[in-house]
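K.L.:
Here are the chains, one letter per residue:
Protein chains: 4
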Amino acid sequence: MTDRIVLAYSGGLDTSVAIPYLAQKVGAEVVAVSLDLGQGGEDMESVRQRALDCGAVESIVIDAKDEFADDYCLPTIKANALYMKEYPLVSAISRPLIVKHLVEAAKAHGGTHVAHGCTGKGNDQVRFEVGFLNTHPDLEIVAPARDYAWTRDKAIAFAEEIDLPIEQTASSPFSIDQNVWGRAIETGYLEDLWNAPTKDIYAYTEEPDLGNAPDEITISFQGGAPVAIDGKPVTTLQAIQELNERAGAQGIGRLDMVEDRLVGIKSREIYEAPGAMTLIRAHEALEAVTVERELARYKRLVDARWSEEVYDGLWFGPLKRSLDAFIESTQEHVTGDIRMVLHAGKATVTGRRSDHSLYDFNLATYDSGDSFDQTLAKGFVKLHGLSSQIANKRDREA
Amino acid sequence: MTDRIVLAYSGGLDTSVAIPYLAQKVGAEVVAVSLDLGQGGEDMESVRQRALDCGAVESIVIDAKDEFADDYCLPTIKANALYMKEYPLVSAISRPLIVKHLVEAAKAHGGTHVAHGCTGKGNDQVRFEVGFLNTHPDLEIVAPARDYAWTRDKAIAFAEEIDLPIEQTASSPFSIDQNVWGRAIETGYLEDLWNAPTKDIYAYTEEPDLGNAPDEITISFQGGAPVAIDGKPVTTLQAIQELNERAGAQGIGRLDMVEDRLVGIKSREIYEAPGAMTLIRAHEALEAVTVERELARYKRLVDARWSEEVYDGLWFGPLKRSLDAFIESTQEHVTGDIRMVLHAGKATVTGRRSDHSLYDFNLATYDSGDSFDQTLAKGFVKLHGLSSQIANKRDREA
Amino acid sequence: MTDRIVLAYSGGLDTSVAIPYLAQKVGAEVVAVSLDLGQGGEDMESVRQRALDCGAVESIVIDAKDEFADDYCLPTIKANALYMKEYPLVSAISRPLIVKHLVEAAKAHGGTHVAHGCTGKGNDQVRFEVGFLNTHPDLEIVAPARDYAWTRDKAIAFAEEIDLPIEQTASSPFSIDQNVWGRAIETGYLEDLWNAPTKDIYAYTEEPDLGNAPDEITISFQGGAPVAIDGKPVTTLQAIQELNERAGAQGIGRLDMVEDRLVGIKSREIYEAPGAMTLIRAHEALEAVTVERELARYKRLVDARWSEEVYDGLWFGPLKRSLDAFIESTQEHVTGDIRMVLHAGKATVTGRRSDHSLYDFNLATYDSGDSFDQTLAKGFVKLHGLSSQIANKRDREA
Amino acid sequence: MTDRIVLAYSGGLDTSVAIPYLAQKVGAEVVAVSLDLGQGGEDMESVRQRALDCGAVESIVIDAKDEFADDYCLPTIKANALYMKEYPLVSAISRPLIVKHLVEAAKAHGGTHVAHGCTGKGNDQVRFEVGFLNTHPDLEIVAPARDYAWTRDKAIAFAEEIDLPIEQTASSPFSIDQNVWGRAIETGYLEDLWNAPTKDIYAYTEEPDLGNAPDEITISFQGGAPVAIDGKPVTTLQAIQELNERAGAQGIGRLDMVEDRLVGIKSREIYEAPGAMTLIRAHEALEAVTVERELARYKRLVDARWSEEVYDGLWFGPLKRSLDAFIESTQEHVTGDIRMVLHAGKATVTGRRSDHSLYDFNLATYDSGDSFDQTLAKGFVKLHGLSSQIANKRDREA
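Residue numbers (full-length UniProt numbering), protein chains in the order written: chain G, 1 to 398; chain X, 1 to 398; chain F, 1 to 398; chain Z, 1 to 398.
FYI, nobody ran anything at the bench for these hints, they're computed from the structure.
Glycine included, C-beta positions come from ideal geometry on N, C-alpha and C.
Fair warning: there could be bad hints in the mix.
Residues from chain G shown here face chain F by an in silico Cβ test under 8 Å; the list is partial [stated by the list, open to error]: (1) Met44; (2) Ser46; (3) Val263; (4) Glu294; (5) Tyr298; (6) Arg300; (7) Arg305; (8) Gly317; (9) Pro318; (10) Ala325; (11) Phe326; (12) Ser329; (13) Leu383; (14) Leu386.
Computed list of lysine to aspartate or glutamate pairs in EDC-like fashion (alpha-carbon distance at most 20 Å, straight line) [to be verified]: (15) F:Lys199 x Z:Glu216; (16) G:Lys393 x Z:Glu332; (17) Z:Lys320 x X:Asp324.
Take these sequences, add in the hints, and give me the full structure.
P.N.:
What follows is the structure, encoded as structure tokens:
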């Protein structure tokens, strides 16, 4: 029986030309798999057809937008997951979902190999390959960009060589990855850390300082998940999409950072994630009202570790699953409304209300109605500080 | 010998009238101690004189601005210290410095008691009192607001009763604490979490959306400390002051949060800290370039814990000192320049450069000059994922 | 309606005499509640009757041994919970169960107050009272030892004064708390840290150096719970009881430590916990075989924090519940057999086997059959060390 | 100029024959470097001569025992470093010291390559090679066992082929690594986890159950370092050596564990480390008396992470250095005496005394002299439990 390579297919030049190239190089048929993760652009049917035109024996298109939002973006919201306190894991959470569908396609279509387009110095190769090893280790992995130094130049030359009926688009200076959760941009001049990003690299966000009218919005959460915007019920996907629109229009969610890659180097990355950043900000603000102090303090450690595990390609690892169990157990009461003003690049929380609030007006107020018994403080202060008091006494005497 | 109360004296009505009140109530002389922490307002000599006018036997004024900046704000910058990821510890770091000077005054002037104006439901009483217990536990602590329910109304009545020559200022609806590092505001209507702050509560920051011209700034750090702004050498104090001006003019550093108090309740807090937030943001950006990944990941945990210890009033505790040792050891190479644009409420990092950078262009670039050996990735990926691969295999089989 | 005090009743002199004392002092009826937690000693029916003889209006005895084992000891095993790496939380886990039953009794019998016998400088008062505040904050708490300085001497005097028909037992020099999970001993001469414990203080363990024959034992676990000993099915309670016998006979599980109390002081504590220590040791050894590395590393942090939360009286707190969720999620595959030799004070693991093992002979062996691909190591080593390599290069150059 | 390989030379058959083999294979001269780390066995002069006999152009022997004890074992004591709570890092801490001396030899003797004898599936290759990359990345690394599948059989065949004047010792079934800090044993039959170790594998420890007289010992520490035994001053090296003798004679320090290797697999390991385990146990007991609670709790996390970093071959990494700074800052007051009884496989702490003790008899005692103010407890309990009380109230109502 012929070997079959299941290829993560984007529809772009590189992976299109890779179809005949891999078939020849590996001596195998190619099954193209394309996921709609809300990345926009071309319609998916054209993508599907192009793979066939390029010689794929099967071309599968999957609308995974809701699955991505519910099973990948939502846990990221619940974990307030910002790698290095900034990056909402735009590409990192899409890889395991692509892995899942490639593996399913391999099982359904007799796949023996799996192929992705990542290079050998980025994070995504790790996320893809650890994903395959974790979920279907029998698949042989082919990474043409890394293993065969497959480049745009080579792709163009090969397309001409075999007369492939594919239009050659003008080469973009940007390396882009995008989905409904956000957009990642790398490009040559940003490899100088002193250079500021230029305006032309952005697509999900407008310039923030245009003088738009402020946009007041109320996001409602139930059990940690966004369920309504301005009182209108939404799915997680709809919440992200609407906030991409509205927060994007205000220039919210642009990131410019130097990132610690898993492979050991630092790299400059630009992201746009208006919906993601707004939802995480709102979710954090609601947790501040509904999650108890000690749990909240510990959850911040767990959240950070969750982000690192996912960034590091260990989505399918056992630690990730147990961190999920922790996080899920904290979300039961993360229910309520957050009012924000979206404006000029900032999403500012201006109000919060919740039937599950832990804020107690009578304990907090300094006005009449105060029910806090201040006489308790004296004993608390003394015992709270006793162990350090004893230590300082020893230090002075020693 | 007569007992002497060393009083943390602000110059305001409450602590002014507290001078004769405490003298009578405790049967002791009062030594007033006032610190200039850059809080602005009245000149300190008037403050000093007022304490004497109200009956203090000694009135001491200390210019502690540089000490505060160097020994309290700077460690906060090095720790990127934001309690609950937001609050730069404005009041929390001022308390231990006040404690230090009150204790020195007690030693110099025969103090037997020490007094502060905090209530029994806030954090500051804990910070003051644990500070005293840790550094001079023999002092008896008096907290009139908590222990004698000393209020503004009582103060006014008592001032009239004893004919105290003090002007009665119009009562402000706000409860304010401020110093050069920032300003904290509490007020009645904000005790409803759904209410947004009104513009009149701010003093350190302009409204962010005024259409000011963007202000580009370059902050230079050496060993984690800000040492120059736009190439002009500055002390830490000058750096904070200049950024309070320039970032404040752009509306940067406003915070509106629900905070987990040490005494177990949640409270609504508004802060303005334009210099603090800008400096911490710049410092973090420089760390991203100069601190190695594993160290940076761990430091984020240590930073968070440092913030909690300081928030919780344990500045003088042994853990805080050891966390300092960790943090200090990470700062040696945090040297370089951060360029930011201050505008419309946001401080955006647009460039970074450092002779101590860990960013290696040749390893990072996707262009020619790439020196990263991509063949290493395969072995890395397989062993990086091996333990989870084995676990997933077991899970599938079990 | 008359107030009713629900009293945690041990049957001993102090709490017996406290029945009429509290009734008089508080002006309330007393409901005595006694739990059988496997502490041994007197039969529970005599205890029940004595409370009535002393004037209790109700006397309730509850056999909570299995509940204690299943819901309190078992989570302690799953968390490998040793506070300060030593103490298996003997008293700490019994308090929340007592709280639970006292609250139930209060609800069933009209209780308005709840009373316990703890002093004001130990941990147990905190565990009791935080437990009541967390589960039934309307109950008024009475702690006669702390609030009324109720001592043995006072109890004897009061018993004589009111002619209480209770035998006065010889006063023991030891302060003991015991249940099936272990036994805690405090006594005067051990308050000198240089003094070694004498043999007469032990009751659950024989002297370890008696020259007994070694006792080989196989403990089987399923999902983290002990389910069989030497092939014979057991409940958790039976496992603890059998190991108390067999490990106790070998002198296993004696602890002598200086402990950091929640109230801020250090104290000297002696414990015996033969079953607990043996089960935790076996459980840890099985986890080493069945839990993946990264999960195991993180679980050790979670375990430590779980121990601290429970020690600190926060059994009912939200963080404890979320830590439980994490831990529970790690136990699914902690299934298999641990063989140990119990002898001369030590429980030594000598073998482990599991269908859920992550140990892969073919990957581990250095003999023929080795399936580990050593060529992968080179790439792994280089990228594993790359970030520190870059940092060291920078350091040398700087 | 001729290339020169600096070889980590043990004197055994494999590395002896590797000298001419590597010279031929790489086309380079071999410089043999042997470290005396207290591993015992052959005298070092014979080792030195053998390398020359086998064709080394230089043969260097270094007495690194004190350096090893002071700069590698002592930090391990201060960190109470037990990987997976068990393994005192016997081999892990020796590798960086060997790296250091090989690099120095390379600089002194024109080394261009460096060679070690480790396989491609263990931890030690990582520790060696990351060490070289971190400290002298220009050296080319040769690992004959991994890169050329260099085995004992090959070594014997090659020795015969070239008529190498080397005695062929009887092949041991054990794979051993040993130094003054301990001894690591791997062997075929132990690769079955159900098999118990046999007595013949031990060399540093006697069988524990021989009925020896108990050995009472007092270890004195200053600033975390052992400085005297039974009142007689010792260096760190002497402390380890004396305890290897005395604790080894009592069968103390045997470990049998399943270990999580850095390369992703689990392996069975047997260790003997009588001195190490006794010193760490004593050091922990002294820390319990002299380190404040919050610092002690956090230090346990730092200690665990230190162990993992060192186990993972990151001795020279920046995180390790900052963890050292934390740990070092905790040791100032770890000064005092620990009395232990060494007997029958156990080192039992029976007494501790210290001028730097934080144990306060008057606060701890239940007898007369008690200075603890029990009235403080009430306020402490209520505020300590307040945040969870509010959360539980919310949970009941929700």
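K.L.:
So, for every hint listed, does it hold in this structure?
P.N.:
How the hints compare with the structure:
1. The closest approach between the C-beta of methionine 44 of chain G and any C-beta of chain F is roughly 36 Å, which is over the 8 Å cut-off, so the hint fails.
2. Hint status for serine 46 of chain G: violated, given a least beta-carbon distance of 39 Å to chain F, over 8 Å.
3. At its closest, the beta carbon of valine 263 of chain G sits 5 Å from a beta carbon of chain F; the interface hint therefore holds under the 8 Å criterion.
4. At its closest, the beta carbon of glutamate 294 of chain G sits 4 Å from a beta carbon of chain F; the interface hint therefore holds under the 8 Å criterion.
5. This hint holds: tyrosine 298 of chain G has a C-beta 6 Å from the nearest C-beta of chain F, less than the 8 Å allowed.
6. Interface hint at arginine 300 of chain G: violated, since its Cβ lies 12 Å from the closest Cβ of chain F, which is beyond the 8 Å cut-off.
7. For arginine 305 of chain G, the shortest C-beta to C-beta distance to chain F is roughly 7 Å, which falls under 8 Å, so the interface hint holds.
8. At a threshold of 8 Å, the smallest CB-CB gap from glycine 317 of chain G to chain F is about 6 Å, leaving the interface hint in force.
9. Of the supplied interface hints, the one on proline 318 of chain G holds, with its beta-carbon coming within about 4 Å of a beta-carbon of chain F, less than 8 Å.
10. For alanine 325 of chain G, the interface hint holds, the least distance from its beta-carbon to any beta-carbon of chain F being 4 Å, beneath 8 Å.
11. Satisfaction of the interface hint for phenylalanine 326 of chain G is found here, the shortest Cβ-Cβ separation to chain F being roughly 4 Å, below the 8 Å cut-off.
12. Taking 8 Å as the C-beta contact cut-off toward chain F, the hint placing serine 329 of chain G at the interface holds, the least distance being around 4 Å.
13. The interface hint given for leucine 383 of chain G holds, since its Cβ lies 5 Å from the closest Cβ of chain F, which is under the 8 Å cut-off.
14. Here the hint on leucine 386 of chain G is kept, as its CB sits about 3 Å from the closest CB of chain F, short of 8 Å.
15. For a cut-off of 20 Å, the pair hint linking lysine 199 of chain F to glutamate 216 of chain Z stands: about 17 Å separates their Cα positions.
16. With a CA separation close to 15 Å, the supplied pair lysine 393 of chain G and glutamate 332 of chain Z stays within the 20 Å bound.
17. Using a Cα cut-off of 20 Å, the hinted pair lysine 320 of chain Z and aspartate 324 of chain X holds, with the two alpha carbons roughly 16 Å apart.
Comparing the model with each numbered hint stated earlier shows that hints 1, 2 and 6 do not hold.
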